[in-house]
Structure formats: structure tokens, C-alpha cells
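Given these sequences and hints, build the entire structure.
Chains as they are written, first to last, in this note's numbering: chain A, 121 to 300; chain B, 4 to 272; chain C, 788 to 922.
Hint data in this document are derived by calculation from the structure and do not stem from the laboratory.
Just to be clear, a hint being listed does not mean it is correct.
[To be verified] Taking lysine-lysine pairs in the DSS-like style, the calculated list, with each CA pair at most 25 Å apart, reads: (1) Lys821(C) with Lys155(A); (2) Lys279(A) with Lys817(C); (3) Lys214(B) with Lys247(B); (4) Lys217(B) with Lys266(B).
[What the hints assert, rightly or not] Partner residues are not named here, just some residues of chain C that face chain B (Cβ under 10 Å, in silico): (5) Pro807; (6) Asp808; (7) Asp871; (8) Ala874; (9) Glu875; (10) Leu876; (11) Ala878; (12) Asp880; (13) Ala882; (14) Ala885; (15) Ser892; (16) Leu907; (17) Thr908.
[Unchecked claim] Over 12 Å on every C-beta distance to chain C, these chain B residues come out as not near it, computed from the model: (18) Gly73; (19) Gly189; (20) Val228.
We treat Cβ as the ideally placed atom computed from N, Cα and C, and that holds for glycine.
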Amino acid sequence: MHSAPEANPEEAALVRKARWGDHEAFAQLYRNHAKAIHALAYRLTGNAAAAEDITQDTFLKMLGFLSGLRDDAPLRPWLKRVAANAAIDRLRREQRLVAEADHDAWPDDSADPTENMEIMGMLQRLPPLARTVVWLHEMEGWSHPELGKRFGRSQSWSKSIVSRALAKLRDDLETGVGDD
Amino acid sequence: MPFRTLLAGTLLGAWLFAAHASARQTVESVAAGALQAGTAPAQVRYELGAVVDVRRASANGVSILAITPGGAADRLGLQAGDQLRAINGRRLDNTPRPSSTLENALQEGDGALRVEAVRNGKTLAFSGRADAVDPAPRKGAQACGYVSTLAGVVPRSKGVFEAEITQIDGRSTPLQPTNRHRVDTGKHVLVVREFIDPARLSSAQLQQIAKMKKFALARAYKPLVIDVEPGIGYRIGARLLKDKLDTQSIRDNAYWEPVVWEKVPQACP
Amino acid sequence: MIEPTQVREQLHALPEIPLPDALWRRVDAKRRQKLQRRKLGAGIATLALAAVMAAPLLLPMFAGADRAPGEQIAAHPPMRGEHDVQAELRALDHALQAAYDRGASDAEIAPMWVARDALLTGIPSGNSAIRRSRI
Numbered sequence: 121m122h123s124a125p126e127a128n129p130e131e132a133a134l135v136r137k138a139r140w141g142d143h144e145a146f147a148q149l150y151r152n153h154a155k156a157i158h159a160l161a162y163r164l165t166g167n168a169a170a171a172e173d174i175t176q177d178t179f180l181k182m183l184g185f186l187s188g189l190r191d192d193a194p195l196r197p198w199l200k201r202v203a204a205n206a207a208i209d210r211l212r213r214e215q216r217l218v219a220e221a222d223h224d225a226w227p228d229d230s231a232d233p234t235e236n237m238e239i240m241g242m243l244q245r246l247p248p249l250a251r252t253v254v255w256l257h258e259m260e261g262w263s264h265p266e267l268g269k270r271f272g273r274s275q276s277w278s279k280s281i282v283s284r285a286l287a288k289l290r291d292d293l294e295t296g297v298g299d300d
Numbered sequence: 004m005p006f007r008t009l010l011a012g013t014l015l016g017a018w019l020f021a022a023h024a025s026a027r028q029t030v031e032s033v034a035a036g037a038l039q040a041g042t043a044p045a046q047v048r049y050e051l052g053a054v055v056d057v058r059r060a061s062a063n064g065v066s067i068l069a070i071t072p073g074g075a076a077d078r079l080g081l082q083a084g085d086q087l088r089a090i091n092g093r094r095l096d097n098t099p100r101p102s103s104t105l106e107n108a109l110q111e112g113d114g115a116l117r118v119e120a121v122r123n124g125k126t127l128a129f130s131g132r133a134d135a136v137d138p139a140p141r142k143g144a145q146a147c148g149y150v151s152t153l154a155g156v157v158p159r160s161k162g163v164f165e166a167e168i169t170q171i172d173g174r175s176t177p178l179q180p181t182n183r184h185r186v187d188t189g190k191h192v193l194v195v196r197e198f199i200d201p202a203r204l205s206s207a208q209l210q211q212i213a214k215m216k217k218f219a220l221a222r223a224y225k226p227l228v229i230d231v232e233p234g235i236g237y238r239i240g241a242r243l244l245k246d247k248l249d250t251q252s253i254r255d256n257a258y259w260e261p262v263v264w265e266k267v268p269q270a271c272p
Numbered sequence: 788m789i790e791p792t793q794v795r796e797q798l799h800a801l802p803e804i805p806l807p808d809a810l811w812r813r814v815d816a817k818r819r820q821k822l823q824r825r826k827l828g829a830g831i832a833t834l835a836l837a838a839v840m841a842a843p844l845l846l847p848m849f850a851g852a853d854r855a856p857g858e859q860i861a862a863h864p865p866m867r868g869e870h871d872v873q874a875e876l877r878a879l880d881h882a883l884q885a886a887y888d889r890g891a892s893d894a895e896i897a898p899m900w901v902a903r904d905a906l907l908t909g910i911p912s913g914n915s916a917i918r919r920s921r922i
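What follows is the structure in C-alpha cells.
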């Protein structure tokens with residue numbers, strides 16, 4: 121999951137066919153990638169409905185001619201990026217609704233209605249923004265400049281979020297708080 | 004896969020051969036008819052019901068860019084993206100004048116429509132009826148209306164400024180300023196550009212607009228579809244949207260919109 | 788003292804997330820919808836549009852769209868009769884074909900594609916011109 125996959129010509133052919141309406145090609149691509157995309161969306165949003173919406177939108181976007189997906193580019197990273205961006209947009213929209221009393225990413229209460237606690241595991245102990253940044257950095261390999269830019273903040277903001285989040289997770293592990 | 008194509012090709016070949024034979028005769032009779040066209044009464048025109056890029060023909064013909072829902076092409080099962088290789092026996096691949104070839108092919112069929120198209124590398128055949136359109140222009144006071152950009156005085160106090168109509172129904176307007184354009188009643192597609200008084204904009208905004216136009220001039224022109232009622236003149240202007248003068252909005256060409264700022268009675272001759 | 792790598796290991800060790808079976812049906816249905824719209828030309832022509840608008844997706848009709856796709860449009864466009872939409876589509880397609888017939892450039896034709904796409908997708912073309920044009 122961390123090795124950078126190379127462009128797969130068979131897959132590129134599937135994408136082309138899917139774009140031109142080939143049902144089986146699309147179904148194959150869905151079979152290959154939906155689980156991973158859905159899982160990512162779920163980790164980032166903590167919300168089953170949002171995860172499904174994002175998965176759907178991502179696969180539909182793949183069918184568009186203007187999606188920016190090039191024939192020679194590997195598909196899975198592109199799908200993940202689209203899904204992650206959608207999750208981030210959603211998060212930013214939600215956060216705008218929250219009173220902007222402080223620019224801190226750590227509200228006192230993680231009043232995030234995270235569903236299935238077991239699935240989210242120790243991630244549930246992080247507020248939504250921190251959870252998203254940490255996951256993208258640690259698991260998806262997004263750099264701090266990328267994260268800063270995506271959230272409209274600086275790379276040092278991202279570094280700070282990640283280090284605080286990791287510290288918190290470490291603390292939770294040490295004290296035995298969290299999952300299992 | 005190859006066998007199927009071979010089979011389809013053979014069947015298609017046989018069909019095309021027969022079609023070509025009759026098409027040759029049809030072409031001649033149409034040509035002969037055209038010479039006498041001056042006195043002939045207006046005939047029914049046949050249409051495909053699709054937008055086809057007839058500016059250039061490739062080895063597979065001309066491309067369908069859009070299908071008009073409910074039209075002949077739609078009924079036949081054609082799709083946007085299909086390439087038309089032949090219509091009613093006339094070939095469109097590598098033809099030097101695709102526009103007139105397509106037009107002739109449609110009219111020659113006398114309402115019949117036989118299409119050979121290429122989709123995803125596969126050759127497909129379709130047949131059915133073309134759409135019949137009565138081209139007879141309406142006469143009398145109920146027949147027409149007008150659109151204009153120079154008549155009247157634009158209400159600047161309401162943020163409406165002059166505009167220019169550069170196309171009507173896909174055809175260019177004359178370069179000399181025309182007081183008004185006569186159009187049939189019904190829907191028409193205008194392409195408009197703004198002539199907003201520069202004094203109303205800051206120099207930064209003007210610069211941004213110039214940049215936008217330099218970057219993508221196509222953005223500076225906007226569509227306006229109007230439904231012309233008989234005996235009415237429509238005055239077209241450009242409304243400045245004061246809340247859309249930020250940099251991004253200018254880049255998106257969202258700082259103005261074409262409007263009908265007044266309708267006046269204007270009798271048709 | 789728990790090392791950073793252990794935190795990462797824990798992240799990796801989180802339980803798998805099951806893919807809901809019902810999701811495929813939903814996605815498949817949406818796919819068909821999208822292809823149906825494209826069949827009518829909502830997508831192909833936008834390729835040409837993108838070239839002349841010089842920014843794919845940043846078309847004037849989405850100007851002011853800091854809303855996400857799918858989010859409700861606050862100013863709800865008035866309900867249009869099916870007949871009316873059909874008439875407008877026919878007018879647009881005729882106009883478009885006339886432009887191609889005379890050999891117009893992509894740049895000249897682009898605004899009419901914008902109008903057509905806006906009509907097909909039901910989103911007003913970035914401004915209310917299309918609505919206001921009807922009295």
C-alpha cells in the first residue's frame with residue numbers, strides 16, 4: 121500500500137473502456153479499488169454515509185474526460201487523492217459552521233459523532249481535523265507543504281498538528297486508553 | 004473479435020454497395036433539380052438532430068458532438084462521440100467539404116436516414132427517418148421580433164451598460180454596428196460581450212479583465228437565449244455585478260451578465 | 788516509552804473497513820445516469836470547451852461555485868416546463884450546427900456549449916441571464 125505503483129497498461133485500457141461506457145470494465149475497476157477508496161474515505165470522515173458518497177463521487181469522476189486522470193498515471197493514487205480532497209472539502213465546510221472563536225484544531229470536546237468506534241479505533245480520540253491530517257500524513261504519505269496548502273494553512277501548521285496528534289496517540293497507547 | 008468485425012464488414016459492404024448505386028442516381032437528380040431551384044417552391048428540409056463537427060473530416064468521418072434529445076439521431080440510437088462515416092450512401096470520411104456533403108446527404112434521402120457510424124473502433128449501421136422541418140418563413144405581423152443593442156439608453160443607474168451581439172443562432176453578426184436585428188419569433192441563441200464603461204471599474208479590475216481576456220478570450224463572450232414574441236423588440240445590455248468584482252470572479256468572467264433590459268413594441272413589416 | 792513507529796504500527800493495525808454491498812448498486816445507477824447525459828452531449832463538447840476556456844472545470848457556469856458538486860444551490864432556479872427546455876435545446880443545437888457549418892473557431896462556439904451544458908445539467912450558467920431572458 122505504500123509502494124508507488126507504476127502505471128499499469130491493462131488498467132489504463134480498462135479506464136479508457138469504462139469512460140466509453142463499457143460496463144464490465146467499470147465493474148472491474150470498482151472491484152479492484154472500491155474497498156481501498158471507501159476505507160480511506162471512512163477513516164478521514166468517520167462517517168459511513170459520507171464515505172459512501174465520496175466513494176461514489178470518486179468513481180464517477182474517474183469516468184469524466186476532464187477529470188485530470190491521464191492514461192499513463194497509476195489509478196489508485198489518483199482515486200485516493202480525489203477521495204481525500206473530497207473528504208477535506210467536506211471537513212472544511214463543516215468546520216466553517218463551527219464558531220470560529222479559535223483557530224485551534226483541537227476543540228475541547230471531540231464532539232464529532234464518529235460512528236462505529238471499533239472501526240475508528242484510536243483515531244476516534246482525535247478531533248476530525250487532526251485525524252484527517254494525521255492519516256494523510258502518516259498513512260498516505262502526504263507532505264506537510266501539501267497538507268498545509270490543501271487546508272489553506274502553512275506547512276508548519278501541518279507539522280504542529282501531526283506532532284501533537286502523534287503525541288496524543290502515543291500517550292493514549294501508553295496509558296492503555298483507546299481501542300481493544 | 005476479428006471474426007465479428009469481418010462479418011459485420013461484409014454485410015456492411017454489401018449494403019453500402021447497394022446504397023452507393025442508388026445514391027449515384029439520386030445525386031444526379033438533386034444536382035439537376037438544384038439548377039432549377041430558383042423557381043421551385045420551398046421544400047421540406049431534413050435534419051439529423053445532432054451537432055456534428057463538420058469543419059474537418061477524419062479517416063472515420065465527422066464527429067457527433069451532441070445529440071438533440073428526441074431528434075432523429077437520438078431515435079436511431081446514435082451517441083455523442085460517434086463518428087459519421089456515411090449518410091444515405093454518401094461518404095463523409097476524408098471528404099474535402101464535409102459540411103455540404105452532410106447537408107446534401109440528408110436532403111437526398113427524402114426523409115430516409117441511413118447512417119454508417121464508427122463507435123469505439125466498431126462500425127455500426129443505423130436506419131430510420133430523418134426529422135422533417137418546414138422551412139417556410141412565417142409572414143405577417145406575427146412573424147418576427149427584434150433584438151438590438153444600440154437602441155434606447157441603457158439604464159446605467161441600474162448597473163446596465165452597452166453590450167454587443169456577436170452571433171445570432173451561430174451566425175456572425177455584421178461587423179458594422181447594426182441598429183437592430185430582425186429575428187423570427189421563437190427561441191434564439193445570442194452571443195454577447197460587454198462594453199461596460201471603464202470609468203465604473205478600478206484600474207486593478209480593468210487590468211484583471213484584460214488579463215482574463217488575454218488568457219482565454221472565449222470567456223469574455225456569454226450566451227443568452229431569448230424567446231422572441233411577435234412584434235416585440237428586445238434591448239440587450241450587460242449588467243455589471245458589483246459583488247463579483249474580486250479577482251477570482253473576474254477570472255471566471257462572473258462580473259457581468261447579458262440581460263434584456265427592456266422590451267418595446269416594434270411592429271414587423 | 789512508546790516509539791513513533793509503534794504508533795504507526797498501531798495505525799496500520801486498525802481493523803479493516805468492510806465495503807457495503809449496497810454501494811455498488813448506487814454507484815452503478817449513477818454511472819448509467821452520467822453516461823446517459825453524456826450521450827446527449829453534456830461531456831464530449833466540454834473537451835473542446837476546456838481547450839478554449841483554458842481551464843478545464845473552471846467554466847463560467849461554475850463561477851461562484853464554492854459550493855461542492857451535489858450541494859444544494861441556494862437560489863433555486865424556477866421550474867421549467869419540459870417543452871420549454873426541449874425548445875431551448877433545439878435552438879441551441881441549431882445555433883451550434885450553424886456555427887460549425889460556417890467553420891467558426893472553437894473560441895467562437897464555446898459560449899453556446901456553455902449554455903447547452905448549463906441547460907442539460909440544470910445549473911444556471913453562472914448568472915441568471917438564461918432565467919431572466921424569459922418573461
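Going down the list of hints, with the structure as the test:
no. : hint                     : result
1   : Lys821(C) with Lys155(A) : holds (22 Å)
2   : Lys279(A) with Lys817(C) : violated (39 Å)
3   : Lys214(B) with Lys247(B) : holds (16 Å)
4   : Lys217(B) with Lys266(B) : violated (34 Å)
5   : Pro807                   : violated (32 Å)
6   : Asp808                   : violated (31 Å)
7   : Asp871                   : holds (8 Å)
8   : Ala874                   : holds (5 Å)
9   : Glu875                   : holds (6 Å)
10  : Leu876                   : holds (6 Å)
11  : Ala878                   : holds (4 Å)
12  : Asp880                   : holds (5 Å)
13  : Ala882                   : holds (4 Å)
14  : Ala885                   : holds (3 Å)
15  : Ser892                   : holds (9 Å)
16  : Leu907                   : holds (9 Å)
17  : Thr908                   : violated (13 Å)
18  : Gly73                    : violated (6 Å)
19  : Gly189                   : violated (7 Å)
20  : Val228                   : violated (6 Å)
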